[in-house]
Amino acid sequence: MRNALLSTGLKVKTAAMILVGVAVLGFLLFYRSPDLSAEGKKTVIRLWHPWGGTMMEAFKSGADRFAASHPEIGCKLLYVPNDIASSQKFYTAVIGNCAPEVMFVDGTQVAEWAEKKLLTPLDDLLVEAGIDPKKLEKEFFPPCWRQCVYRGKIYAITFCADVNFCFFWNKDALRKAIDDGQIPPGTIDPERAPRTIAELDRYNAAVTRVRNTGAGEQIERIGLVPWGVYGSANSIFTWGWAFGGEFFDDQRFRITANDPKIVAALDWMCQYARKYNYEHIATLQSTFGAAEQSPFILGKQVMQLFHVSGLKDLDKYAPNLRYGMAPIPRVEGVNGDGSWVGGWTLAIPSGVPDVEKRRAALKFILWSCASPEGTSLEIRTSQNFPAWKDSPFFQEAAKDPRLSVYMRILENCRHQRPVMPVQAFYMDQLNRAVDRAVRGEKTPKEALDEATRKTQERLDELLAESGGAR
Amino acid sequence: MKANRERIAGLLFIAPFLAGFGIFTIYPVLASLYYSFCKYDILSPPTFAGMSNYRALLTDELFLQGLWNTMSFTFASVPLCMLVALVLAFLLNLKLRGQALYRTIFFLPSIVPVIASSVLWLWLLNGDCGLINQALRPLLVKLNFLLGTHLEPPGWLTHPACAKPALILMSTWGVGGSMILYLAALGDVPKQLYEAADIDGATTWRKTWHITIPMISPVLFFTLIMGLIGSFQYFSQPMVMWPNGSPGDSGLFYAQYLFQNAFNYLRMGYASAQAWILFVVIVVTTMLVFRSTRRFVHYGGGA
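From first to last, the protein sequence lines stand for chains W and Y.
The opening position of the first sequence corresponds to residue 3 in my numbering, with each subsequent residue numbered one higher.
The opening position of the second sequence corresponds to residue 870 in my numbering, with each subsequent residue numbered one higher.
Calculated directly from the structure, the hints in this document are not laboratory data.
In this text, all values refer to a predicted model and were calculated from it rather than measured experimentally.
Incorrect hints may appear among the rest.
To be verified - On the chain Y side, residues computed to face chain W include the following (Cβ under 7 angstroms):
1) Arg-874
2) Glu-875
3) Gln-1003
4) Gly-1024
5) Thr-1027
6) Met-1108
7) Met-1110
8) Gly-1114
Claimed, not checked - Straight-line distance between alpha carbons at most 20 angstroms, and here's what the computed EDC-like set of lysine to aspartate or glutamate pairs gives:
9) Lys-178/W / Glu-222/W
10) Lys-908/Y / Glu-219/W
11) Lys-908/Y / Glu-443/W
12) Lys-1033/Y / Glu-443/W
13) Lys-444/W / Asp-929/Y
14) Lys-1011/Y / Glu-443/W
15) Lys-91/W / Glu-875/Y
16) Lys-13/W / Glu-930/Y
17) Lys-908/Y / Asp-462/W
18) Lys-908/Y / Glu-222/W
19) Lys-444/W / Glu-930/Y
Quick reminder that beta carbons are idealized off the backbone N, C-alpha and C, glycines included.
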C-alpha cells in the first residue's frame, strides 16, 4: 500500500516535471521579444548591426526615426559582431535562407562577399525605385562609392566614411624640446606641420633623442614611426599611396603590391628602421595598450597619424595637451596625399525572396546613407562621417575646428582599399612583408614580391573556385 | 525480459548524451576528415580535390614554421614545467609552519584566467618598462662596465629570437595543477619503504631516486602526456600577446594558423587537413612517449 502511494506520488512528480519542461521549451521556441518599431507594420525588415554602447543608442534612435517617418515599414535590430573572424553567423544565415534584410558590411568585405554571392546587387532595385545610379554616385565622395562597386555592379552603399588618417603633432613636446635646448631654435617651427616627406624626415631627425643607458641605447623621443599607423598593412597602404603607388589593377585582376612606388615607400620606411634601430623603436612602442599610455600622449612620439576616434582618447586622457592637425605630408611630385577611406557599408544579403522586403530594405539603406535626416550629426555621433556629400552633418562639423580638418581630408581623398576578394589574406601578407623588411630580413622588393605572388595565387584560386576567373 | 527492459531503459537514459556525442563530436570529426580532401569555403558545397590540400601544406612556409614553433615550444616547455612543478612539490611537501598557505600561494597563478595572465605577462615582459627588464638593466650596466661588453636587456615581445623563450618562461607560471597532483602522489608513497631504506642506510638522494620518483612515476607520466597534448594545441596566449602577428612569425603557433585559414580566409578544407595532421602528430608523439617510458613507469597495483 505504501509502495503504491509512493509510486503514485512519483508519477505525479514526473508528470509535473514533464509539463514544466514542455512549458519552458514552448516558451523558448515561441517567445519573441516585443519590438515597438516593428509592431503593427506591414513590412518588417531585420537589420544586423555591429554597434554597442553609445553608438548603438544613437543608431537605435535613427532606426526609430526611420520607422516613424515610414509607417508601413518596421525595423528589428540585432547586434551581431562582424569582424573578419566572426562573420560565420552571417554566412550560415545566408546559406540557411534566414539572412537579415539589411546587413552592415565592412568596406573591405564587399568584394569578397559579392564574389561569393552573399550580397544582392542594388542596380535594378535602384532603377525600380526611380533613382539613377549614375546620379547617386555623384552625390558620394568618390572612394566611398568605389569601395561598394565590384565587377561593375553596386553591392552596397557606404554608411560611414572612415577618414584614414589625419596627421597630429604634439606642439607642447616640440616647444619643450626647443626650450630645453634639445632642438636648435629655428630648425623647426612647433606651430607648423611638415608638409612634405622631406620635411617630415627633417622634423624626425631634429626631435629624435637617444639615450645611452649603459645597457644598450634607449629612445627617449622620436618623431613619426612610419609602420605604426594602425598596424603594418594600413601603414603600407597609407605610404604606398603617398608615394603614388597602386595596390591592385582592377581591370586585369592583378595584385600590384610590388609596384616600384610602393617598394620606394617601404624602402623609405626601412630607412627609419635602420637609422633609429627597429628594436629600440619597437620597445618604445610596446606600451601597455591603454590609450593613456600611448607614446603620443606621453610625448615620447611627437607625431602620429590618427583616425577620428583618436580625438576621443585625446579628450579623455590628455585634455590639456596642445597639438596640431594637418593632412598627411605629401611626396613631392605625387598628385594628392596618402589618405584613404574605409568604413561600414549597408547591403542587402542574397536570399531575400520577398520583393516588398527588398524594397523596404533599400528605402532604409538610402535613408540611412543618403538622406538629410539619416546622416545628421545626432544620429551619427561625431565618429561616423557620412559618405554623402550633401549631408547636414558637414555644416555642423564645419563649426568644430578639429572635425573640419577631417572633413577637408575626406573631400580631397582619392583612395580606398583595393576592391577585391581575399582582402584579409592580402592584408596579412602586407603585414608580414612590412615586418620582414623593417627588420632587415628581406629587402623591400623581395618582401613585396612575395606578398604579391602569394596573394595573386590565393586570388586566382578563389576566382577559379567561384567560377569567375578572369 | 527484464534484462531487455533494463537495456532499453539504459539506452534511453544515455540517449541525450549519445545524440549530443554523435552530432557534435563524431559527425564533425568524420566530416572534417572528408573536407580535408576537398576545397571548401563553407558557402558553397565542398568539391573533392584529392590530396591537394596536404600537398600544398608541405610547401607552405607558414605551416612549417607554425609546426616548428609548436614542436620546439612543446619540447622545451613540457619538461621544464614538469621539473618546476616537481621541485615545488618537493619543497611544499616539507613539514613547515604555514605549509597550507605556501601551497595555496603557489597554486594561485593557475586559477588566473589565461587572458588575464597573458596581459599580466605582457606587462612583465615589456621591453621598456617591464619588471623583468627593469631588474635586468642595472645588472647588465654593471656587467658591461666590468667586462667592457655591450649587452642589452632582451626585447622579449619584439625580437623573433626572444618570443618563444618568453612564452616558455610564461608557461612555468601555470604549473600549479601538476604541482598539486605531485603533492598528492608524494603523500601516497608508503612510509615503510623509506623506513626500510633508512635501515639500509640510504641517503636522501638515493631515497628520492629509488623510492619517491618510481612511486610517483604514474602521475609524472600522466602530466607528461596531458602536457604534450595541451602544448600542441597552444593557442590563446600568443593570440593575446600578438593580436596582429608576432615578430617574424616566431610566435605563430600551429592552432593559430589553422584558425586563420579556417575562419579568416575561409579555407575550411585546408584547415581540416591541418587539423588532421596535428591529430596524427599528437597520436604518434603520444605513442612514442608511451613506448619509450613504459620501462620507467611503476604501478604499485601491479598493472
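Status of the hints after comparison with the structure:
1. Arg-874: violated, 16 angstroms
2. Glu-875: Violated. Min distance 18 angstroms.
3. Gln-1003: This hint is violated: Gln-1003/Y lies away from chain W, its Cβ roughly 11 angstroms from the closest one there, beyond 7 angstroms.
4. Gly-1024: holds, 5 angstroms
5. Thr-1027: holds, 4 angstroms
6. Met-1108: violated, 10 angstroms
7. Met-1110: At about 10 angstroms, which exceeds the 7 angstroms cut-off, the nearest Cβ of chain W leaves the hint on Met-1110/Y violated.
8. Gly-1114: holds, 6 angstroms
9. Lys-178/W / Glu-222/W: holds, 14 angstroms
10. Lys-908/Y / Glu-219/W: Since the Cα atoms of Lys-908/Y and Glu-219/W sit roughly 51 angstroms apart, the hinted pair is violated (cutoff 20 angstroms).
11. Lys-908/Y / Glu-443/W: violated, 33 angstroms
12. Lys-1033/Y / Glu-443/W: With Cα atoms ~18 angstroms apart, Lys-1033/Y and Glu-443/W stay inside 20 angstroms; holds.
13. Lys-444/W / Asp-929/Y: It holds: about 18 angstroms lies between the C-alpha atoms, which stays within 20 angstroms.
14. Lys-1011/Y / Glu-443/W: violated, 32 angstroms
15. Lys-91/W / Glu-875/Y: Cα-Cα ~43 angstroms, so violated.
16. Lys-13/W / Glu-930/Y: Distance of about 65 angstroms is beyond 20 angstroms: violated.
17. Lys-908/Y / Asp-462/W: The given pair, whose Cα atoms are some 14 angstroms apart, holds under the 20 angstroms limit.
18. Lys-908/Y / Glu-222/W: This hinted pair is violated, its Cα atoms lying about 51 angstroms apart.
19. Lys-444/W / Glu-930/Y: Status holds; Cα separation ~15 angstroms.
Of the numbered hints listed earlier, those contradicted by the structure are 1, 2, 3, 6, 7, 10, 11, 14, 15, 16 and 18.
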